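A.B. asks: Sequence:
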Amino acid sequence: KENNKDTPSINIIAPAGFTSYNVFDTVKVTAQVSDPAGLKTVSVYIMNSANIQVLQGYQVQVTSNNMTFTVPLIINNIHLPSGNYFVAVNAYNGANMNYAYRQIYIAAAPQKRVAVYAITRAGTWLQGYTLDSALHSSTAFTVAGNYAASDVNSYYQQLYIVPLDTGNASALNVPANSFAWSLQGINSPAHYFTNVYSYGNAAYVSLFAGFVKFYNSTGVLQMQINTDTAYYPVKTLVWNNFLFVEEKSISSPGDNLVVFYQASGMGYQQLALPSGSQVAMFGYDINDLLVAGNQSNGMPYLLQYNISANTFFAPVALPSSRMLSAVQINSNTYLLSFADQTIYQYTWSPNAFSPFMSGVAASKLRYDAVNNEILAAAANTVKEYTYPGASLLYSASLGDSVLDIQILYNH
9 KENNKDTPSI NIIAPAGFTS YNVFDTVKVT AQVSDPAGLK TVSVYIMNSA NIQVLQGYQV
69 QVTSNNMTFT VPLIINNIHL PSGNYFVAVN AYNGANMNYA YRQIYIAAAP QKRVAVYAIT
129 RAGTWLQGYT LDSALHSSTA FTVAGNYAAS DVNSYYQQLY IVPLDTGNAS ALNVPANSFA
189 WSLQGINSPA HYFTNVYSYG NAAYVSLFAG FVKFYNSTGV LQMQINTDTA YYPVKTLVWN
249 NFLFVEEKSI SSPGDNLVVF YQASGMGYQQ LALPSGSQVA MFGYDINDLL VAGNQSNGMP
309 YLLQYNISAN TFFAPVALPS SRMLSAVQIN SNTYLLSFAD QTIYQYTWSP NAFSPFMSGV
369 AASKLRYDAV NNEILAAAAN TVKEYTYPGA SLLYSASLGD SVLDIQILYN H
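Using the numbering used here, the letters of the sequence shown correspond one by one to residues 9 to 419.
Possibly wrong hints are sitting among the right ones.
[What the hints assert, rightly or not] The calculated lysine to any residue pairs, modelled on SDA-like cross-linking and capped at a C-alpha distance of 25 Å, are: (1) 36 <-> 100; (2) 120 <-> 398; (3) 36 <-> 103; (4) 120 <-> 84; (5) 36 <-> 144; (6) 48 <-> 67; (7) 120 <-> 147; (8) 36 <-> 49; (9) 120 <-> 30; (10) 48 <-> 84; (11) 221 <-> 165; (12) 36 <-> 14; (13) 391 <-> 104; (14) 120 <-> 399; (15) 221 <-> 234; (16) 120 <-> 76; (17) 120 <-> 221; (18) 391 <-> 347; (19) 36 <-> 112; (20) 36 <-> 20; (21) 120 <-> 100; (22) 391 <-> 105; (23) 36 <-> 94; (24) 120 <-> 207; (25) 221 <-> 186; (26) 120 <-> 63; (27) 391 <-> 329; (28) 48 <-> 78; (29) 120 <-> 78; (30) 36 <-> 18; (31) 36 <-> 105; (32) 221 <-> 188; (33) 48 <-> 120; (34) 120 <-> 402; (35) 221 <-> 411; (36) 221 <-> 143.
[Claimed, not checked] Now the in silico label distances, taken between C-beta atoms and shown as ranges: (37) 76 <-> 399: 56 to 62 Å; (38) 26 <-> 280: 54 to 60 Å; (39) 141 <-> 283: 28 to 34 Å; (40) 131 <-> 82: 43 to 49 Å.
By construction, these hints were calculated from the structure, which means they are not laboratory data. All values derive from a computational prediction rather than experimental measurement. In this text, a Cβ means the ideal position worked out from N, Cα and C, and glycines have one as well.
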């Protein structure tokens, strides 16, 4: 018996070319498909400009050799970026496959703030609160242990919390506030976990034993990076395909900024940091970082790190007060809070440093880029301000001192 060498005929009737849709819309696809020798399979799906299917497809039931059908394709991927896509219909006759395409445009889902999470200490537990758009609070979760650090991943809708020396590292599904996965901690006189930082999929966990371990969103270990002997890692940052690690000496004053290749975990270079404690690291451009912290004598530092030259430069003089927190507004603009109850604004270009707000000793600052607002935690309160106007919008008083605040978006 000879194989059928003809291909099925496909005519996409709807949607019309260049029709626009939003994420969560339904694309109703109507097409006519025929093959006198018989149809075996017909499927419909949406793909991007790289010919990659981006949504679950639809397998059409074959009822005849010449049929017209309408199927719904729900654009239910909240992570789809805005752009041109293609409705694809393919038909197979047992020997040959044919394809037809219709270009459409899909607009991304607007990013929205889902909640603010405030983490406080409640005895031997950590207490998490959910703060709504007006900072009304409700109890969200409790986690056993003390506190080292936290971070949030809006893509995977997970909140990460690590303790210092008692309790387990926890990943919570948010806003459902259920446990996704955890890493067992070991109670010891020394710290066990020292930091957690979320980037991509999904969390870099720093351990006092001298490792940075990268776990994906299901809690599976992807990579382990070793710091120098007799040092342990704390703050981490992924930028321009590098992993930057603050490492501290176990037995003596001595801090380094160590640069690893992100993909392989191999070391690239390092440079001594001022002895003390780092507050934050931010990427500026492909060749520069901004590193903020405090020296061991309590005096703050703000350093520009040039990757290619492996050098530090202090771009501005700082007040003689301990730095409490720092946040990036954009690559050029930063807010820095100090123990003297002043929040300063620093701009990279033009190089400028000036008071932004006074009377607030903000232990934690966060910037809500969607609503262009500043969240500041001080003692047991969280306050929200306009940016750049610094006008108070809302305030929340919680049961204990706020250790950290995190902002969750819908994607």
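A.B. asks: Run every hint past the structure and note whether it holds.
C.D. replies: Okay, the hints, checked on the actual structure:
{"no.": "1", "hint": "36 <-> 100", "in the structure": "holds, 21 Å"}
{"no.": "2", "hint": "120 <-> 398", "in the structure": "holds, 21 Å"}
{"no.": "3", "hint": "36 <-> 103", "in the structure": "violated, 28 Å"}
{"no.": "4", "hint": "120 <-> 84", "in the structure": "holds, 16 Å"}
{"no.": "5", "hint": "36 <-> 144", "in the structure": "violated, 41 Å"}
{"no.": "6", "hint": "48 <-> 67", "in the structure": "holds, 11 Å"}
{"no.": "7", "hint": "120 <-> 147", "in the structure": "holds, 21 Å"}
{"no.": "8", "hint": "36 <-> 49", "in the structure": "holds, 19 Å"}
{"no.": "9", "hint": "120 <-> 30", "in the structure": "holds, 15 Å"}
{"no.": "10", "hint": "48 <-> 84", "in the structure": "violated, 28 Å"}
{"no.": "11", "hint": "221 <-> 165", "in the structure": "holds, 20 Å"}
{"no.": "12", "hint": "36 <-> 14", "in the structure": "violated, 28 Å"}
{"no.": "13", "hint": "391 <-> 104", "in the structure": "violated, 64 Å"}
{"no.": "14", "hint": "120 <-> 399", "in the structure": "holds, 21 Å"}
{"no.": "15", "hint": "221 <-> 234", "in the structure": "holds, 9 Å"}
{"no.": "16", "hint": "120 <-> 76", "in the structure": "violated, 40 Å"}
{"no.": "17", "hint": "120 <-> 221", "in the structure": "violated, 31 Å"}
{"no.": "18", "hint": "391 <-> 347", "in the structure": "holds, 17 Å"}
{"no.": "19", "hint": "36 <-> 112", "in the structure": "holds, 12 Å"}
{"no.": "20", "hint": "36 <-> 20", "in the structure": "holds, 11 Å"}
{"no.": "21", "hint": "120 <-> 100", "in the structure": "violated, 42 Å"}
{"no.": "22", "hint": "391 <-> 105", "in the structure": "violated, 61 Å"}
{"no.": "23", "hint": "36 <-> 94", "in the structure": "holds, 13 Å"}
{"no.": "24", "hint": "120 <-> 207", "in the structure": "holds, 19 Å"}
{"no.": "25", "hint": "221 <-> 186", "in the structure": "holds, 23 Å"}
{"no.": "26", "hint": "120 <-> 63", "in the structure": "holds, 22 Å"}
{"no.": "27", "hint": "391 <-> 329", "in the structure": "holds, 22 Å"}
{"no.": "28", "hint": "48 <-> 78", "in the structure": "holds, 18 Å"}
{"no.": "29", "hint": "120 <-> 78", "in the structure": "violated, 33 Å"}
{"no.": "30", "hint": "36 <-> 18", "in the structure": "holds, 16 Å"}
{"no.": "31", "hint": "36 <-> 105", "in the structure": "holds, 23 Å"}
{"no.": "32", "hint": "221 <-> 188", "in the structure": "holds, 18 Å"}
{"no.": "33", "hint": "48 <-> 120", "in the structure": "violated, 44 Å"}
{"no.": "34", "hint": "120 <-> 402", "in the structure": "holds, 18 Å"}
{"no.": "35", "hint": "221 <-> 411", "in the structure": "holds, 23 Å"}
{"no.": "36", "hint": "221 <-> 143", "in the structure": "violated, 34 Å"}
{"no.": "37", "hint": "76 <-> 399: 56 to 62 Å", "in the structure": "holds, 60 Å"}
{"no.": "38", "hint": "26 <-> 280: 54 to 60 Å", "in the structure": "holds, 57 Å"}
{"no.": "39", "hint": "141 <-> 283: 28 to 34 Å", "in the structure": "violated, 42 Å"}
{"no.": "40", "hint": "131 <-> 82: 43 to 49 Å", "in the structure": "holds, 47 Å"}
In the structure shown, a violation is registered for the earlier hints numbered 3, 5, 10, 12, 13, 16, 17, 21, 22, 29, 33, 36 and 39, in ascending order.
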